[in-house]
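Start from the sequences, fold in the hints, and give me the full structure.
Start counting the sequence shown at 182; every next residue gets the next number (my numbering).
Please keep in mind that the hints were generated in silico from the structure rather than gathered at the bench. Glycine is no exception: its CB is placed at the ideal position from the N, C-alpha and C atoms. Among the hints, a few may not be true.
[Claimed, not checked] Below, in silico cross-link-like pairs of lysine to aspartate or glutamate (EDC-like), each with a Cα-Cα straight-line distance of 16 Å or less:
id, residue 1, residue 2
1, K184, E228
2, K184, D223
3, K251, D233
4, K215, E228
[As the list claims (entries may be wrong)] Okay, the calculated beta carbon distance ranges per label pair:
id, residue 1, residue 2, range
5, P263, R210, 26 to 36 Å
6, N278, T312, 12 to 22 Å
7, G307, H267, 19 to 29 Å
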Amino acid sequence: MSKQLLIVYHSQSGTTARLAAAVRRGALREPDIKPVFRRAWDAGIAELLSCDALILGFAENSGSVAGAMKDFLDRCYYPVQPHSLHKPFALFVSAGNDGRGAVAQVQRILRGFPLREVAEPVICRGLPDSTALQNCEELGHTLAAGLAFGIF
Numbered sequence: 182m183s184k185q186l187l188i189v190y191h192s193q194s195g196t197t198a199r200l201a202a203a204v205r206r207g208a209l210r211e212p213d214i215k216p217v218f219r220r221a222w223d224a225g226i227a228e229l230l231s232c233d234a235l236i237l238g239f240a241e242n243s244g245s246v247a248g249a250m251k252d253f254l255d256r257c258y259y260p261v262q263p264h265s266l267h268k269p270f271a272l273f274v275s276a277g278n279d280g281r282g283a284v285a286q287v288q289r290i291l292r293g294f295p296l297r298e299v300a301e302p303v304i305c306r307g308l309p310d311s312t313a314l315q316n317c318e319e320l321g322h323t324l325a326a327g328l329a330f331g332i333f
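And the structure:
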């Protein structure tokens, strides 16, 4: 049975959606991994419990995480507490500023689930260029390969 890599993202302008598509392309490079691709509004507890690893993508709004991603985390937090997840996760951010505030906020929330961070966050400042898209694709492939090889 293949392992599932859950990719949850929120995009209002389309920028984060482009980054999320790159993450998915990277994950698809591992044939034994099934990427599950969901917008934050459409993801929930069932997806979080059934995945083997998680990648979250969101915009930075006013120095913090975009509302839809915060909503996803809020909806899932208490219901998953009895399951002690301890699953690997990584983050990618579309930042108009420097992205650090949004990253720190989400890292703090995810430690409480608890989930464990296994890769450095990818922060794209401004519109995504080829480097940002490549970094996101590598992030998706890194988590998928880690799952495929049993590292995570």
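Is it true that G307 and H267 lie within 19 to 29 Å of each other by Cβ? violated, 35 Å
Can the suggested window of 26 to 36 Å be confirmed for the beta-carbon pair P263 and R210? Since the Cβ atoms of P263 and R210 sit about 35 Å apart, the hinted range of 26 to 36 Å holds.
16 Å limit on alpha-carbon distance, applied to hinted pair K184 and D223: It is violated: about 20 Å lies between the C-alpha atoms, which goes past 16 Å.
Does the structure keep K215 and E228 at a Cα separation of 16 Å or less? Given pair K215, E228 holds - Cα atoms ~12 Å apart, limit 16 Å.
Given the hinted pair K251 and D233, is their alpha-carbon gap at most 16 Å? Distance of about 21 Å is beyond 16 Å: violated.
Assuming the hint says 12 to 22 Å, is it satisfied by the Cβ distance from N278 to T312 or not? holds, 19 Å
K184 and E228: Cα distance at most 16 Å? Since the Cα atoms of K184 and E228 sit roughly 13 Å apart, the hinted pair holds (cutoff 16 Å).
Checked against the numbered hints above, the structure violates hints 2, 3 and 7; every other hint is satisfied.
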